[in-house]
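Student: One letter stands for each residue in the lines below.
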Amino acid sequence: MSVPADLLKTPLHALHLELGARMVPFAGYSMPVQYPSGLMAEHLHTRTAAGLFDVSHMGQLRLEGGDAAAAFESLMPVDVIDLPVGKQRYGLLLNDDGGILDDLMFFNRGADLFVIVNGACKVADIDHIEKRIGHRCEVIPMPEMALLALQGPQAVTALARFAPEVAKLVFMTGGRFQVADTDCFITRSGYTGEDGFEISVPAEQADWLARQLLTQPEVKPIGLGARNSLRLEAGLCLYGNDIDESTTPVEAGLNWAMQKVRRTGGARAGGFPGADKVLAQLADGVPRKRVGLVALERIPVRDHTELQDPSGRKIGEVTSGLLGPSIDRPVAMGYVTPDHAALGTRVNAIVRGKPVPMEVASMPFVPNRYFRG
Amino acid sequence: MPIQYTEDHEWINVEGGIATVGITHHAQDALGDVVFVDLPEVGATLDQKAVAGVVESVKAAADVYMPVSGEITEVNEALRADPALANSDPLGAGWFFKVKLSDASQLDALLDETAYAKFAEAAE
Chain B
10 MSVPADLLKT PLHALHLELG ARMVPFAGYS MPVQYPSGLM AEHLHTRTAA GLFDVSHMGQ
70 LRLEGGDAAA AFESLMPVDV IDLPVGKQRY GLLLNDDGGI LDDLMFFNRG ADLFVIVNGA
130 CKVADIDHIE KRIGHRCEVI PMPEMALLAL QGPQAVTALA RFAPEVAKLV FMTGGRFQVA
190 DTDCFITRSG YTGEDGFEIS VPAEQADWLA RQLLTQPEVK PIGLGARNSL RLEAGLCLYG
250 NDIDESTTPV EAGLNWAMQK VRRTGGARAG GFPGADKVLA QLADGVPRKR VGLVALERIP
310 VRDHTELQDP SGRKIGEVTS GLLGPSIDRP VAMGYVTPDH AALGTRVNAI VRGKPVPMEV
370 ASMPFVPNRY FRG
Chain C
208 MPIQYTEDHE WINVEGGIAT VGITHHAQDA LGDVVFVDLP EVGATLDQKA VAGVVESVKA
268 AADVYMPVSG EITEVNEALR ADPALANSDP LGAGWFFKVK LSDASQLDAL LDETAYAKFA
328 EAAE
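Chains as they are written, first to last, in the numbering used here: chain B, 10 to 382; chain C, 208 to 331.
Hint data in this document are derived by calculation from the structure and do not stem from the laboratory.
If you're wondering where the values come from, they're calculated on a predicted model, not measured in any experiment.
A virtual CB, placed ideally from N, CA and C, is assigned to each residue, including glycine.
A couple of the hints might just be wrong.
As a list, the in silico DSS-like pairs of lysine-lysine whose alpha-carbon atoms are at most 25 Å apart [what the hints assert, rightly or not]:
(1) B/K363 <-> B/K140
(2) C/K307 <-> C/K256
(3) B/K229 <-> B/K177
(4) C/K325 <-> C/K256
(5) B/K363 <-> C/K266
(6) C/K307 <-> C/K266
(7) B/K323 <-> B/K363
(8) B/K177 <-> B/K96
(9) C/K305 <-> B/K363
(10) C/K266 <-> B/K229
(11) B/K18 <-> B/K229
(12) B/K18 <-> C/K266
(13) C/K256 <-> C/K266
(14) B/K363 <-> C/K256
(15) B/K269 <-> B/K286
Not close to chain B: a few residues of chain C, all C-beta gaps over 12 Å, as computed [claimed, not checked]:
(16) E214
(17) Q255
(18) S264
Could you put together the complete structure from these sequences and hints?
Tutor: As structure tokens, this is what we get:
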């Protein structure tokens with residue numbers, strides 16, 4: 010199969026083709042959406058064993074310099090300054106209206122802040138970070154690195170055969186490790202709700218490393234299709250669907266990502282883009298809220314489906330939805346007016362003109378299994 | 208009669224004035240794991256190209272169109288209960304519905320197996 014000339018390839022492109030992947034354009038890259046075993050089997054394999062994902066389309070960068078943490082903190086409603094060395098945290102880049110430019114992960118490596126951003130946003134993110142804080146720290150893109158994710162309850166078993174010390178990591182910690190003679194920076198994190206690891210590896214060694222991991226009996230290659238269904242069951246937002254520049258962290262229910270120290274009354278309250286609006290929303294409420302939804306009939310309810318109250322008034326929209334492969338029932342997330350956001354509230358999703366009853370439900374839909382020690 | 212095909216990736220097999228309709232192997236392969244089907248009501252009369260049903264995989268939903276005009280005489284309840292039949296046996300146990308033809312001449316314009324194979328390959 011040929012790749013359109015304008016699509017980028019990750020260092021694992023040849024391996025994907027060899028494994029029989031169906032390739033699709035995603036975030037400017039030719040990426041595997043599924044392998045021959047199919048989305049459902051890949052999803053369930055990740056929940057029970059270990060799945061290997063190529064996430065090299067994501068952006069990696071580092072911020073260097075003594076002022077890097079304080080500078081980076083000025084772009085997010087998040088505590089960056091107090092993040093201990095060796096720890097990772099979820100962050101949100103905001104625009105001046107409090108809208109979310111991207112969600113990201115950052116890690117304090119002591120000598121620098123190591124940042125992973127979404128593939129589709131990485132060019133804009135790096136530009137934004139450079140413009141806003143480039144005078145305070147060095148903003149260094151890392152296109153020379155690939156990124157693998159090894160996710161699932163047996164990920165630790167498989168990876169520890171190469172690097173026994175990774176078994177000591179707990180969720181949202183990490184470090185440098187040698188895996189199959191390859192220098193890697195590994196964090197115990199991911200985006201499936203399962204225990205697992207993200208592995209930053211030099212691009213020229215990524216193919217070798219992926220092949221070594223795939224020799225392990227627990228490990229199978231998993232495509233973007235299952236990555237999406239896994240993250241939705243885990244209640245995690247997909248940037249561009251569930252959050253974007255038009256949503257604020259409070260509307261998106263990401264209050265947990267905004268530490269007390271940055272909120273009104275905190276030692277370093279405000280001072281981030283859109284702070285007035287975001288802090289006011291924390292105090293006074295929001296016009297809409299992100300909620301989890303389960304359908305009461307076995308009909309998948311997809312992105313952009315209108316949500317109505319029982320009287321037929323539009324109250325919101327589904328932003329991600331599918332039949333959850335692990336729980337075999339339709340799950341979704343979307344935005345509703347605050348008076349419909351309470352757990353157990355009944356709403357109707359309008360699927361092909363017909364109302365499908367749904368109930369506001371707590372997330373995650375499948376319990377998270379992060380390893381916290 | 209030999210099985211015929213549409214450019215919307217349905218197949219149709221006519222025996223004694225009643226046509227059995229399903230989605231092609233190519234269609235189920237492109238959709239991936241089918242998790243839900245919406246079938247028409249028995250007794251409904253639908254025109255050629257009308258939406259007769261919906262097939263959903265984990266990743267996408269697709270309409271199923273009437274290959275010919277006619278009355279729905281039967282739907283595959285087994286498929287409703289086990290949508291994965293559309294993947295495992297698309298031209299057999301995974302059939303969708305049966306139609307009593309109202310205009311048999313519509314069959315003349317449908318694709319034969321060779322023509323459909325070429326069409327599906329070009330659509331890849």
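Student: All hints, please: hold or fail.
Tutor: Status of each hint after checking the structure:
1. B/K363 <-> B/K140: It is violated: about 48 Å lies between the C-alpha atoms, which goes past 25 Å.
2. C/K307 <-> C/K256: The hint holds at about 15 Å.
3. B/K229 <-> B/K177: holds, 23 Å
4. C/K325 <-> C/K256: holds, 21 Å
5. B/K363 <-> C/K266: The hint holds at about 21 Å.
6. C/K307 <-> C/K266: violated, 33 Å
7. B/K323 <-> B/K363: holds, 14 Å
8. B/K177 <-> B/K96: OK: B/K177 and B/K96 at ~14 Å, within 25 Å.
9. C/K305 <-> B/K363: holds, 24 Å
10. C/K266 <-> B/K229: holds, 20 Å
11. B/K18 <-> B/K229: Answer holds: B/K18 to B/K229 is near 21 Å, not above 25 Å.
12. B/K18 <-> C/K266: holds, 23 Å
13. C/K256 <-> C/K266: Roughly 24 Å separates the two Cα atoms, so the pair holds.
14. B/K363 <-> C/K256: holds, 21 Å
15. B/K269 <-> B/K286: Given pair B/K269, B/K286 holds - Cα atoms ~16 Å apart, limit 25 Å.
16. E214: holds, 22 Å
17. Q255: Since the minimum Cβ distance to chain B is about 20 Å, C/Q255 lies beyond 12 Å and the statement holds.
18. S264: Check fails; 8 Å does not lie beyond 12 Å.
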